[in-house]
Amino acid sequence: MQYAVQLRGVTKTFGSVVANNNVDLYIKEGEILSLLGENGSGKTTLMNMLSGIYFPDKGQIFVHGEPVSIASPKAAFDLGIGMVHQHFKLVDVLTAAENIVLGLKDKDGYKAIGQKIREICDKYGFVVNPDQKIYNMSVSQKQTVEIVKQLYRGAEILILDEPTAVLTPQETQKLFSVMRNMRQDGKSIIIITHKLHEVLEISDRVAVLRKGEYIGDVPTSEATAQSLTEMMVGRAVKLNIDRPEPVNPQKRLEVRNLTVLNSDGLRALDEVSFDAYGGEILGIAGISGCGQKELLEAIAGLQTPAMGSSISYYPPDSDKASNLVGKSPLEISRAGVALSFVPEDRLGMGLVGSMGMTGNMMLKSYRSGKAVFTDRKSPKELAQRIVSQLEVVTPGISAPVKQLSGGNVQKVLVGREIAADPKVLMTAYAVRGLDINTSYTIYHLLNEQKKNGVAVIYVGEDLDVLLALCDRILVLCAGRVNGIVDGRSTTREEVGLLMTNLKEVSPNA
Amino acid sequence: MHKHTMREPFLRISKRGSIALPHAWGIRVSSVILAMILGALFVVAVTGLNPLDVYASMYRGAFGTERNAWVTIREAMMLLCIGIGLAPAFKMKFWNIGAEGQVLVGAVCAAGLMIKIGAGLPNGLLLLLMAAAGMLGGAIWGIIPALFKAKWNSNETLFTLMMNYVAIQITSYCVALWENPRGSNKVGVINQMNKAGWFPKLFGQDYLLNVILVLLLAVFMFVYLKYSKQGFEIAVVGESTNTARYASIRISRVYMRTMALSGAICGLAGFIAVAGADYTISTSTADGRGFTAIIVAWLAKFNTFVMILISFLIVFLQRGASEIASDFNLNEEASNVITGIILFCIIGSEFFINYKTRLNRRKEDAK
Chain P
0 MQYAVQLRGV
10 TKTFGSVVAN
20 NNVDLYIKEG
30 EILSLLGENG
40 SGKTTLMNML
50 SGIYFPDKGQ
60 IFVHGEPVSI
70 ASPKAAFDLG
80 IGMVHQHFKL
90 VDVLTAAENI
100 VLGLKDKDGY
110 KAIGQKIREI
120 CDKYGFVVNP
130 DQKIYNMSVS
140 QKQTVEIVKQ
150 LYRGAEILIL
160 DEPTAVLTPQ
170 ETQKLFSVMR
180 NMRQDGKSII
190 IITHKLHEVL
200 EISDRVAVLR
210 KGEYIGDVPT
220 SEATAQSLTE
230 MMVGRAVKLN
240 IDRPEPVNPQ
250 KRLEVRNLTV
260 LNSDGLRALD
270 EVSFDAYGGE
280 ILGIAGISGC
290 GQKELLEAIA
300 GLQTPAMGSS
310 ISYYPPDSDK
320 ASNLVGKSPL
330 EISRAGVALS
340 FVPEDRLGMG
350 LVGSMGMTGN
360 MMLKSYRSGK
370 AVFTDRKSPK
380 ELAQRIVSQL
390 EVVTPGISAP
400 VKQLSGGNVQ
410 KVLVGREIAA
420 DPKVLMTAYA
430 VRGLDINTSY
440 TIYHLLNEQK
450 KNGVAVIYVG
460 EDLDVLLALC
470 DRILVLCAGR
480 VNGIVDGRST
490 TREEVGLLMT
500 NLKEVSPNA
Chain X
0 MHKHTMREPF
10 LRISKRGSIA
20 LPHAWGIRVS
30 SVILAMILGA
40 LFVVAVTGLN
50 PLDVYASMYR
60 GAFGTERNAW
70 VTIREAMMLL
80 CIGIGLAPAF
90 KMKFWNIGAE
100 GQVLVGAVCA
110 AGLMIKIGAG
120 LPNGLLLLLM
130 AAAGMLGGAI
140 WGIIPALFKA
150 KWNSNETLFT
160 LMMNYVAIQI
170 TSYCVALWEN
180 PRGSNKVGVI
190 NQMNKAGWFP
200 KLFGQDYLLN
210 VILVLLLAVF
220 MFVYLKYSKQ
230 GFEIAVVGES
240 TNTARYASIR
250 ISRVYMRTMA
260 LSGAICGLAG
270 FIAVAGADYT
280 ISTSTADGRG
290 FTAIIVAWLA
300 KFNTFVMILI
310 SFLIVFLQRG
320 ASEIASDFNL
330 NEEASNVITG
340 IILFCIIGSE
350 FFINYKTRLN
360 RRKEDAK
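Protein chains in written order, with numbering that gives the first Met the number 0: chain P, 0 to 508; chain X, 0 to 366.
Errors might be hidden in some of the hints.
What the hints assert, rightly or not - Each pair of labels, with its calculated beta carbon distance range: (1) P/Asp-107 to X/Ala-44: 31 to 37 Å; (2) X/Phe-202 to P/Val-371: 38 to 44 Å; (3) X/Lys-200 to P/Ser-387: 55 to 61 Å; (4) X/Ser-13 to P/His-86: 20 to 26 Å; (5) X/Leu-157 to P/Asp-374: 38 to 44 Å; (6) P/Gly-405 to X/Leu-20: 26 to 32 Å; (7) X/Arg-252 to P/Lys-104: 40 to 46 Å; (8) P/Gln-183 to X/Leu-157: 55 to 61 Å; (9) P/Asp-374 to X/Val-45: 37 to 43 Å.
As the list claims (entries may be wrong) - Below, simulated DSSO-like cross-link-like pairs (lysine-lysine); rule was C-alpha separation at most 27 Å, straight line: (10) X/Lys-90 to P/Lys-401; (11) X/Lys-185 to X/Lys-115; (12) X/Lys-92 to P/Lys-363; (13) P/Lys-106 to P/Lys-73; (14) P/Lys-88 to P/Lys-141; (15) P/Lys-237 to P/Lys-210; (16) P/Lys-141 to P/Lys-369; (17) X/Lys-355 to P/Lys-401; (18) P/Lys-376 to X/Lys-300; (19) X/Lys-194 to P/Lys-326; (20) X/Lys-185 to P/Lys-369.
These are calculated hints, taken from the structure and not from any lab test. Yeah, the Cβ is synthetic: ideal placement off N, Cα and C, and Gly gets one too.
Please model the complete structure; the sequences and the hints are all you need to start from.
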């Protein structure tokens, strides 16, 4: 049988880093292949070589049995290879149809184009309005446009890079049914994802990369989450997340009627009220952009809440609450509020990319002492401690942190925030983009903090993790609290529904 | 049988992880050699002169006599001083295009005191007053755009640029006010008789004090940016204002403080130009150096010691170019082409230091 695509001995290096070493990989026609591997294992590099963004140093690519050379994304298109990137490549102010035909030389009118788009949609079960502008679309709609764009251009081989990271469970199911329809039609699909249950659900075969090397492949029917993890990591890994019972939970944070306006004057957060307790992990679920960022930033003193909002902090050793509204982060910490915050944008907000670990430790401590000069000694010691405790892989503590891999960047950030000995620890998408191993390190660190009596607030996107890790889950929908559910008794479906269907009257009104 | 042509990209570019220091300097030195060769080709092609003569004349122009050498040093120090002033602003990613104006305002303030007080005070005291006035003037010129940026997020590039024109107008007004002799529309050499407000000679050298002052400033700025708390804040704000907010750095205060410092040092450069080099004031006291210094600051990546080298290089090229022009009766444009070639090659060499390139190798056996 002929393969749709075959890679033979493909090698790609960046400087001294070997991203892919002698990789052999094939995909059959009418097959869904999962490409699995930890961060930095070279999945995306490999796929970028298929889609013409990188050119291999060594090795050969065959498409339908023919040796080919893919020197540009256009060459990839011509061969029928289309890739949907993690970050969509769409022009916001154009319509779906305009984006789909952008750069094509066809002389079709938009009526004919719309017709062709509708045919593709009917065939595979997509829902796209060709005349809708991209900026009016949800993330899932944009992704649909990306996929339709590839099909419109005649893609026979479709590469999806982490397509489900931004989708709700319901949207993921829709995507999977479309993928099955495409397989039916003889298309080959390569899907990159970190979520093992999705791998098991959707794919026919799983190929595993580890540290740039091709480890092997298995038919999905013979694989389990456990066996795949072992292939990926190279050793046995415990896959359940611990959830110790909260011990003596005490109120640390009381948020009442918190409203935050965005730059357009609209309510990014709308009368949000909840409590967070020491010794528990409070999960925050919601489709991205539903006020998660504003919520954490408002508590951290980085956003100004509207009138009538109240955020109170109850210190462990006294019952005098301190009000956080209107205070800057510095004033909050000077008021004795032990608050740590791991923001979503690690290098853009939590860290300074061009500085080494020492400089980044100094972000929190550089003011200490009266001297004009900074004290580099204790931040340096802290950096060394974090490197050894969290097994940070870095050329040295003075290497710019932006050169580290995503997982190590996050270890530096979380390590620093935990070292501040917080009473409230807020994390936003703490494991986004991290591999299984590092993710479990982070869950473990959060559980440690919980056992130490810290009130942990965990904003997450992976429902399975939220359901396994958190004691309570607050669901945000369009800036409102759409429900607070018990993490042990709730279901994926219940949380998924709360994420998408705003109740008429918010429960805290 | 091969349906698709087997084409490979012609040039492959990849980022270097790191580069050994000797290798980097090897690339830089070869870029200078390449520039000399290209420049020589240009000279032969356009003028038919012997390129070696041209280069020798260039060197003569910059260092040929003791006097020439000292002028080169003086000019390099001026450029360096302004570059040092710009370093903190650009490190903060505050696009201060207004050094020209800050230098002029500093120069006007210093010259005003020099004319009005003259020999009325001991020379040392007068110089101190002039320096303080120059720095104050420059600081005010720097802090105004920073204030507007902090309060209303105005665009500092346009703002600082516009401030230059205001400074030029103020300078021409003052020149008209102080003109000497009357009707010349020039200030002329100030205090030529008593030399009040002139830099004293040190060890018989007119310009040694300039060198000492600016080198001290270079050391100060290096330490300030690298080791002080304020320098740390500048680095954080320059990298990401969001991170600065997260770290509770008051960005508007850092903007204003840093621009006051940046403007003050540029104003000090204006003072040095008046008291230590020109002994007069005109709208061309800054002479475009406020813009040239931007290149100095960026090329050195704000390392003030590297700036010393680059200032000398640029001044050497400028003075060499004008020497060629007069020696061989070329127009200034032709010699500027040569300096352009040299600068292009040196700046371009940074690309080869950051990236590895490889021409397409011969196709290997596909099997």
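Hints versus structure:
As the Cβ distance of P/Asp-107 to X/Ala-44 is approximately 53 Å, the hint placing it in 31 to 37 Å is violated. Under the hint 38 to 44 Å, the C-beta atoms of X/Phe-202 and P/Val-371, about 33 Å apart, miss the expected range. Remark: the range hint 55 to 61 Å for X/Lys-200 to P/Ser-387 is upheld by a beta-carbon distance near 60 Å. Look at X/Ser-13 against P/His-86: about 22 Å separates their beta carbons, and that is inside 20 to 26 Å.
One distance hint, 38 to 44 Å for the beta-carbon pair X/Leu-157 and P/Asp-374, holds here, with the actual separation near 40 Å. P/Gly-405 and X/Leu-20 have their C-beta atoms about 30 Å apart, which keeps the hinted 26 to 32 Å range intact. Distance hint check for X/Arg-252 and P/Lys-104: the Cβ-Cβ separation is about 55 Å, which falls outside the suggested range of 40 to 46 Å. Evaluation of the 55 to 61 Å hint for P/Gln-183 and X/Leu-157 yields a pass: the beta carbon distance comes to about 59 Å.
Look at P/Asp-374 against X/Val-45: about 59 Å separates their beta carbons, and that is not inside 37 to 43 Å. The hinted pair formed by X/Lys-90 and P/Lys-401 meets the criterion: a straight-line CA distance of about 18 Å does not exceed 27 Å. Straight-line distance between C-alpha atoms of X/Lys-185 and X/Lys-115 comes to about 16 Å, which keeps the hinted pair within the 27 Å bound. Straight-line distance between C-alpha atoms of X/Lys-92 and P/Lys-363 comes to about 22 Å, which keeps the hinted pair within the 27 Å bound.
Proposed proximity of P/Lys-106 and P/Lys-73 is supported: the alpha carbons are some 19 Å apart, at most 27 Å. A hinted pair counts as satisfied when its Cα atoms are at most 27 Å apart, and P/Lys-88 with P/Lys-141 qualifies at roughly 10 Å. Simply put, P/Lys-237 and P/Lys-210 have alpha-carbon atoms about 20 Å apart, close enough for the 27 Å limit, and the pair holds. Between the alpha carbons of P/Lys-141 and P/Lys-369 the distance comes to roughly 53 Å, so the proposed pair goes past 27 Å and is violated.
Taking the CA atoms of X/Lys-355 and P/Lys-401, the gap is about 20 Å. The hint holds against a cut of 27 Å. In summary, the hint linking P/Lys-376 to X/Lys-300 is supported, as the alpha carbons are separated by about 25 Å, within the 27 Å threshold. Proximity of X/Lys-194 to P/Lys-326 is assessed by CA-CA distance (about 57 Å); at most 27 Å being required, the pair is judged violated. Note on X/Lys-185 and P/Lys-369: the hinted pairing is violated, with a Cα-Cα distance of about 51 Å set against a maximum of 27 Å.
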